[in-house]
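A.B. asks: Listed below, chain by chain, are the residues.
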Amino acid sequence: SQTIHQWPATLVQPVGSPLSLECTVEGTSNPNLYWYRQAAGRGLQLLFYSVGIGQISSEVPQNLSASRPQDRQFILSSKKLLLSDSGFYLCAWSVGTGGPHGPQHFGDGTRLSIL
Amino acid sequence: AQSVAQPEDQVNVAEGNPLTVKCTYSVSGNPYLFWYVQYPNRGLQFLLKYITGDNLVKGSYGFEAEFNKSQTSFHLKKPSALVSDSALYFCALYSSASKIIFGSGTRLSIRP
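Chains as they are written, first to last, in my numbering: chain B, 1 to 115; chain H, 1 to 112.
Do not rely on the hints blindly, as some may be mistaken.
Each computed DSSO-like pair below joins lysine-lysine, with the alpha-carbon atoms no more than 30 Å apart [claimed, not checked]:
| no. | chain 1 | residue 1 | chain 2 | residue 2 |
| --- | --- | --- | --- | --- |
| 1 | H | 69 | H | 99 |
| 2 | B | 80 | H | 99 |
| 3 | B | 79 | H | 99 |
| 4 | H | 69 | H | 58 |
| 5 | H | 22 | H | 69 |
| 6 | H | 77 | H | 99 |
Derived from the structure by calculation, the hints contain no laboratory data.
This one's a predicted model, so the numbers in the text were calculated from it and none came from an experiment.
With the hints as constraints, model all of the structure from the sequences given.
C.D. replies: As structure tokens, this is what we get:
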């Protein structure tokens, strides 16, 4: 069966420090991968998505970047964190060929607090 | 433009009563709709989806959803609510290029 792992679960970082959040998927090949941010336990904002290795689409201009160095690995990064980067970050995957039939499956998220 | 709306920020129901969480959508073409649930400090869990076929879709944990094309709605329902159903619920619409648009969420509170 497929599983998705996200770490760390919580992270406290000072303003201006770098960031690296990692997400890996097991049990599937060539998944679509997604990074979302959720503010205040409400709606989800799509940050990046990827349909293949090295293919990254950015949805909103921001202080963050994403990379996909391996088929089932998705990394969210920042060189210098801002206070506004605080939030709950969620990684998700869907079947690469699923199109509209494939739901997205989510990791348990990383709660990021910027001090 | 494609969009999905959840008109209620919060729904309160007594345990044992039926529950409904509302969702409306706007899309050109066929809608592909999903419901997810989120428990505190967890990721979203997929409950059910509508692609085509029967207007009543059954999903996990006893939930079902009714697709109504004329009213452009996809309401989530359960005949008898449990306290453990208390959570944040998201309706979602397939957009394009494997992306999904999520509603703003509805907090469901079931009182004992």
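A.B. asks: Kindly indicate which numbered hints from before are broken by the structure, ordering the numbers from low to high.
C.D. replies: none
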